[in-house]
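Chain S is already provided as a structure; the job is to place chain G on it using the hints.
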Amino acid sequence: MNKRANRVYWLLLIMILIMGVCILADEKRGQEEISSDTEITTSAPTEDRQTESTEMTSEGSTEQISEGSTEQVSEGDTESTTAADINVLTSYYKNTVFTGDSIMTGFATYISGRKTAPAWLKQCTYLAKTSWGIADALKGTNGPMYGGKAQGITASLAEIKPERIFINLGINEMNGLGSPGYSIEKLNGKYGELIADIKGAVPNAKLYILSVTPCTAAKQTSMFNNATIKKFNQSVADKAQEWGVTYLDFAAEFGEALAPEYANDGIHHTEKAFTEVWIPYFEKLAVENR
Amino acid sequence: MKRLISILLTLAMIFTAGCSGSEDKFNTEGFDASKFYDSVSSMTSDQLAVLDDTYITNYYGIDIADLDSYVFAQSEDPNSAETIILFKCGDEAKRGEYIKAVQNAVSQKADELKNYNQPEQAKLVEDCKMGQVNDLVYVIISSSADDIYEALEKELLARR
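Which chain is which? The protein sequence lines are S and G, in order.
For the first sequence, this note's numbering gives the first residue as 363, with consecutive numbering after it.
For the second sequence, this note's numbering gives the first residue as 15, with consecutive numbering after it.
Honestly, the hints are just simulated from the structure, not real lab data.
Here the structure is a predicted model, which is why all the values come from computation and not from measurement.
Idealized CB from N, CA, C, for every residue including glycine.
Mixed in with the good hints there might be a few duds.
The calculated label-pair distances, taken between Cβ atoms and stated as ranges, are [claimed, not checked]:
id, chain 1, residue 1, chain 2, residue 2, range
1, G, Gly110, S, Pro622, 43 to 49 Å
2, G, Ser56, S, Pro565, 23 to 29 Å
3, G, Glu140, S, Gly628, 25 to 31 Å
4, G, Ser53, S, Glu650, 45 to 51 Å
5, G, Glu111, S, Met585, 40 to 46 Å
To give a feel for the contact side, a few chain G residues facing chain S, derived at Cβ under 8 Å [said to hold, decoys possible]:
id, residue
6, Tyr51
7, Ser59
8, Asp60
9, Val64
10, Thr68
11, Tyr69
12, Ala119
13, Gln122
14, Pro133
15, Glu134
This is chain S alone, in the form it adopts within the complex (with noise of 0.2 Å):
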């Protein structure tokens, strides 16, 4: 009886034992739902970065710039913008694409996060990307994140299939121009490329070249200067008629360099310049071209 016993006591132990090294096993789970950090995992695709107008309608009116054409927005005052306007900028930049590097994903984050930022723009698909440059455009692949998916530009283009596109590019790849082997010539021949790309990915989109902004004057060096950004676009506005876009020489709204005061680093754009400089330039190339 008492062996018998004993062997009820050890069965009951046992089966105490196991269960509670199942709970424990179980609550270890459970914290590691929370505390591990690679629950999901951060499988960074590595890939080697490269150093490196027909006439145009707007739902139903005529605009005044036209393709292949050379075009600065007037100097001036935005006026206060009225709801005739409103709806000529909303209308205007239905269905648009803003594609750049870090300093187009700068506007982009202002444009998204704040909520006094024209609705006009909110609408709009912002295909951004830090570190992005003609040449990495051109490979076609991990391009700017858009709907989850980090695919080339011509991809995601055909996907959203815009209207119009304002292409913003050419800033990082300004530091190697002027190397052995890299050239003004050559990107301009890149940029062409990609250009003529876009235009097989989405052959009724509009297309806009938006000139490489300056740097601040203390941020130039030999090689990053504005001097070189100057030479640059003007390469791109001599074959904006070939390549059958709109060139917009965004960056004479900055003048000769960046003011400091636009610039957080010397480069990007800070909020001062979005809302002075990128919000009425893009409102007056609206309802001037309406």
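Same frame as chain S, now just chain G:
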């Protein structure tokens, strides 16, 4: 021997009783992502912009209608990696899809910052707190990620 076994049994029973309900350690029911974000937003180094629905849908491919509660915030400075993402999605299949999208975004952010010669920021991405608790998905990329995560853990513990 009997005494020993009895003691062991008693201890085991007490332990077992103490562990009961451990699966309810974290509770996400009623968790409000925006409210929680407001409580920790001062802990980030940069001022983060709370992204609007259009941007979230375009960038992450997330249909806001699928989410019960959410906040997507990132630094306005493109040189900064700081990001806080919190969303609750009851639909398991959709949640899996959205986790993949968030993974892609985090991977790309690390990639961008490495290429941009921002190793410290890229390290923040690598060291980010990322995971899911029940229907809640979180991504915390910040120099204060540990503190923000601790606050999240406390919040979820307090709700059980």
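Hints and how they fare:
At roughly 47 Å, the beta-carbon separation of Gly110 (chain G) and Pro622 (chain S) lies within the given 43 to 49 Å, and the hint holds. Between Ser56 (chain G) and Pro565 (chain S) the C-beta distance comes to about 49 Å, which lies outside the given range of 23 to 29 Å. For the hinted restraint 25 to 31 Å between Glu140 (chain G) and Gly628 (chain S), the CB-CB distance of approximately 27 Å keeps it satisfied. Distance hint check: the CB atoms of Ser53 (chain G) and Glu650 (chain S) are about 46 Å apart, consistent with the given range 45 to 51 Å.
Separated by about 44 Å at the C-beta atoms, Glu111 (chain G) and Met585 (chain S) satisfy the suggested range of 40 to 46 Å. A least Cβ separation of about 13 Å between Tyr51 (chain G) and chain S goes past the 8 Å threshold, and the interface hint is therefore violated. About 14 Å separates the beta-carbon of Ser59 (chain G) from the nearest beta-carbon of chain S, more than 8 Å, and the hint is not met. Taking 8 Å as the C-beta cut-off, the interface hint given for Asp60 (chain G) is violated, the closest approach to chain S being about 11 Å.
With 8 Å as the threshold, the beta carbon of Val64 (chain G) comes within range of chain S, its nearest partner Cβ sitting at about 6 Å, so the hint holds. Hint status for Thr68 (chain G) relative to chain S: holds, with the closest Cβ pair at about 6 Å, below 8 Å. The criterion of a C-beta within 8 Å of any C-beta in chain S is met by Tyr69 (chain G), whose closest approach is roughly 4 Å, and the hint holds. A hinted interface residue such as Ala119 (chain G) counts as satisfied when its beta carbon comes closer than 8 Å to some beta carbon of chain S; here the least separation is about 6 Å, so the hint holds.
Interface hint status for Gln122 (chain G): upheld, as the beta-carbon distance to the closest one in chain S is roughly 5 Å, under 8 Å. For the restraint placing Pro133 (chain G) at the interface with chain S, the shortest Cβ-Cβ distance is roughly 13 Å, beyond the 8 Å limit, so the hint is violated. Of the supplied interface hints, the one on Glu134 (chain G) is violated, with its beta-carbon coming no nearer than about 14 Å to a beta-carbon of chain S, more than 8 Å.
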